[in-house]
Amino acid sequence: MPETAFEPWNDPNEKPLIQFRNVTKRFGDFTAIDDLSIDIFEKEFFALLGPSGCGKTTMMRMLAGFETPTSGTIMLDGQDISPIPPNKRSVNMMFQSYALFPHLTVYDNIAFGLKRDKLPKDQIDARVKEMLRLVQIEKFGQRKPEQISGGQRQRVALARSLAKAPKLLLLDEPLSALDKKLRQDTQFELMDIQEKTGTTFVVVTHDQEEAMTVASRVAVMDHGKLKQVDTPDRIYEAPNSTYVADFIGDVNIIEGHATAQGNTVSIVWAEGQPPIIGTPTTPIEGKVSFAIRPEKIAISADQPTDRANVVQGKVLDIAYLGNLSTYHVQLPNGVIIKAQTANSRRRARRPFTWEDQVWLSWTDTAGIVLDN
Amino acid sequence: MNLRRFSLIAVPYFWLLALFLVPFLIVFKISLSDIALAIPPYTPTLELSEGWAGFRDFASQLDFENFEFLATDDLYWKSYLSSLKIALISTFFCLLIGFPIAYGMANAPKEWQPTLMLLVILPFWTSFLIRVYSLIGILSQEGMLNQFLMWTGIINDPLTILNTNIAVYIGIVYTYCPFMILPIYATLTKLDGSLLEAAEDLGCSRTEAFWRITVPLSKAGIIAGCFLVFIPALGEFVIPSLLGGSDTLMIGKVLYEEFFANRDWPVAGAVAVILLLILIIPIVLYQRNEQKQMEAEA
Ligand SMILES: Nc1ncnc2c1ncn2[C@@H]1O[C@H](COP(=O)(O)OP(=O)(O)OP(=O)(O)O)[C@@H](O)[C@H]1O
Ligand SMILES: [Mg+2]
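So the protein lines, in turn, are chains A and B. Offset between the first sequence (1-based) and our numbering: plus 13. Offset between the second sequence (1-based) and our numbering: plus 153.
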């Protein structure tokens with residue numbers, strides 16, 4: 014993120030670049046996109062997240078011009094784009110299936126769009142070489158797509174969509190086939206390109222970490238609807254539903270009955286267990302879900318005294334993740350709660366082991382109280 | 154393992170040997186003989202009973218006289234050239250008609266495609282000869298085509314189509330078009346639609362995407378179809394003799410006349426050998442194309 018806060022979505026004077034207005038897309042009697050409205054602003058890096066088949070690609074294809082909405086309008090720069098054919102939109106798309114031209118070399122694939130713009134030869138050549146360098150496939154320019162690996166193909170597809178430097182770039186899972194190191198490099202390259210050229214990116218990803226790293230805003234989709242559109246930190250720290258909380262990152266979800274106590278609520282959730290004290294964002298009572306991230310839960314051998322919520326249980330399972338360890342702790346009533354600690358020191362021995370009795374504790378603001 | 158492999162390779166080679174190479178050698182031998190009033194109507198014949206001397210005697214009588222004769226009489230090379238021309242032009246028209254049909258079929262709704270395919274191969278259910286005969290009924294002076302055109306008022310006097318080269322073209326294009334359509338259709342159905350979308354996305358119009366993506370990617374099918382039409386059309390005999398006129402020169406017709414009318418087997422043999430040599434070039438090219446395509450798909 015740039016130094017000054019980049020939040021055009023909070024500025025009523027900003028005009029959105031893309032506007033979906035009550036867009037519905039049906040295939041036969043199947044509704045792929047369901048009355049969806051959203052504004053995406055210039056220079057945003059907008060990430061679409063959601064389970065398979067929720068309509069991410071369909072949204073992209075409508076922006077690129079390969080599908081027309083069944084109802085509703087899509088505006089680009091304040092203009093209804095439905096009558097504009099795909100080749101006249103200053104939008105480029107990277108296809109989930111790559112769609113590389115098998116009869117052309119890698120070089121010619123990347124040059125394809127530039128040649129259609131009738132640019133001078135040396136300019137095309139310079140641009141293609143720049144793109145090849147960017148995605149680290151200089152060596153394969155003269156190969157055909159069938160002669161390179163899957164990850165390399167993905168990079169060619171990415172380079173081909175970037176080459177024309179369009180106003181809006183649609184990337185459908187651009188980095189899914191890359192190894193972690195290359196993926197991170199490419200993520201930073203993308204952010205760099207975006208900062209240099211001011212291109213607006215709409216990116217589909219299955220990788221939450223990627224969405225968290227690169228996105229200015231994240232949209233979580235489900236069944237053709239937007240569940241939440243927010244900045245990555247708010248999506249993570251303040252999900253508006255158990256669906257979003259569960260979809261992004263790891264979470265413990267406890268259902269219970271809340272009664273207000275001043276600013277906090279007391280959630281009765283199981284017999285023989287103390288009620289959970291939580292702080293809802295808006296006053297709430299009745300049936301609720303309490304969501305708390307594992308890293309917000311402290312684990313200790315002795316009973317802590319300074320926390321609002323304290324429960325005891327025994328260690329059922331330990332998942333060692335290198336930098337972190339996740340403990341699965343079973344409470345006396347059978348409920349399993351995940352708690353996470355950072356492995357800040359190298360050590361041969363874990364502080365806790367299987368079957369250990371431990372105390373879990375968290376503050377009254379650590380979790381989120383969600384309406385059911 | 155080697156034995157297994159050997160037997161696998163041996164089968165097609167044996168097939169080739171028995172059904173192509175041996176007959177070819179027999180024809181080639183006849184083409185080196187001289188015409189004679191005998192049964193079979195040429196000399197020499199190999200007398201195996203006389204052993205090695207008989208073979209020497211036999212071999213010494215073989216010569217290339219008939220091939221020299223083919224070169225001196227311009228009927229022959231004119232027939233070859235005319236056949237080449239007719240085959241080339243027919244191939245071109247087959248492509249012109251076949252490609253749009255194949256394209257339409259490949260883009261038709263999935264559930265229609267088997268039916269369309271059936272319609273293309275339906276003519277094969279009747280005999281080739283009957284189909285060509287029925288063309289006579291359509292193309293003759295009193296035929297359906299002329300009657301229809303006169304009924305619509307486009308023409309007042311019937312057109313002479315039958316017994317001209319035009320009838321030959323119509324006949325060849327009609328009978329061989331399926332051989333053009335099917336391979337092109339096969340490559341077009343394999344074409345990934347998202348490639349066309351990608352091309353459009355990168356700035357191509359629909360038409361440009363067709364020329365830059367669809368056509369190059371169906372090249373293998375186009376080449377296969379062209380050879381499948383060109384090769385049999387070149388040696389075609391039935392169509393020119395039934396639909397063509399007396400001035401229609403095609404080498405297949407000449408071959409037939411030499412063989413059956415003149416009973417000059419040696420000259421007919423020489424005509425056939427040259428025809429085969431001409432055909433070998435496109436056949437080899439066709440095989441290369443098929444092989445390349447198979448390698449590309451592997
Ligand atoms: N042309 C089509 N005809 C019928 N149904 C379609 C068509 N295209 C997409 N769908 C359906 O619409 C839904 C959304 O598809 P879409 O491709 O947008 O999913 P997605 O979110 O991109 O999924 P993934 O993450 O697996 O790529 C799916 O259920 C899919 O089956
Ligand atoms: Mg998709």
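These aren't lab readings, by the way, just hints derived from the structure by calculation. Just so you know, not all the hints are guaranteed correct.
[Said to hold, decoys possible] Only part of the chain B face toward chain A is listed, based on derived beta-carbon distances under 10 Å:
(1) Thr268
(2) Arg365
(3) Leu370
[What the hints assert, rightly or not] Label pairs and their computed distance ranges (CB to CB):
(4) A:Ser84 with B:Glu264: 23 to 29 Å
(5) A:Asp135 with B:Ile308: 57 to 63 Å
(6) A:His219 with B:Val164: 46 to 52 Å
(7) A:His116 with B:Ile289: 42 to 48 Å
(8) A:Phe40 with B:Glu450: 45 to 51 Å
(9) A:Gly164 with B:Ile179: 57 to 63 Å
(10) A:Thr86 with B:Lys372: 40 to 46 Å
(11) A:Ala178 with B:Glu450: 46 to 52 Å
(12) A:Glu20 with B:Glu450: 48 to 54 Å
(13) B:Ile308 with A:His116: 43 to 49 Å
(14) B:Ile434 with A:Asp135: 55 to 61 Å
(15) A:Thr210 with B:Ile162: 46 to 52 Å
(16) A:Gly164 with B:Lys372: 49 to 55 Å
Even for Gly, the Cβ is constructed at its ideal location relative to N, Cα and C.
Could you check the structure against the hints above and give me the numbers of any it violates, in ascending order? 1, 8, 11, 14, 15, 16
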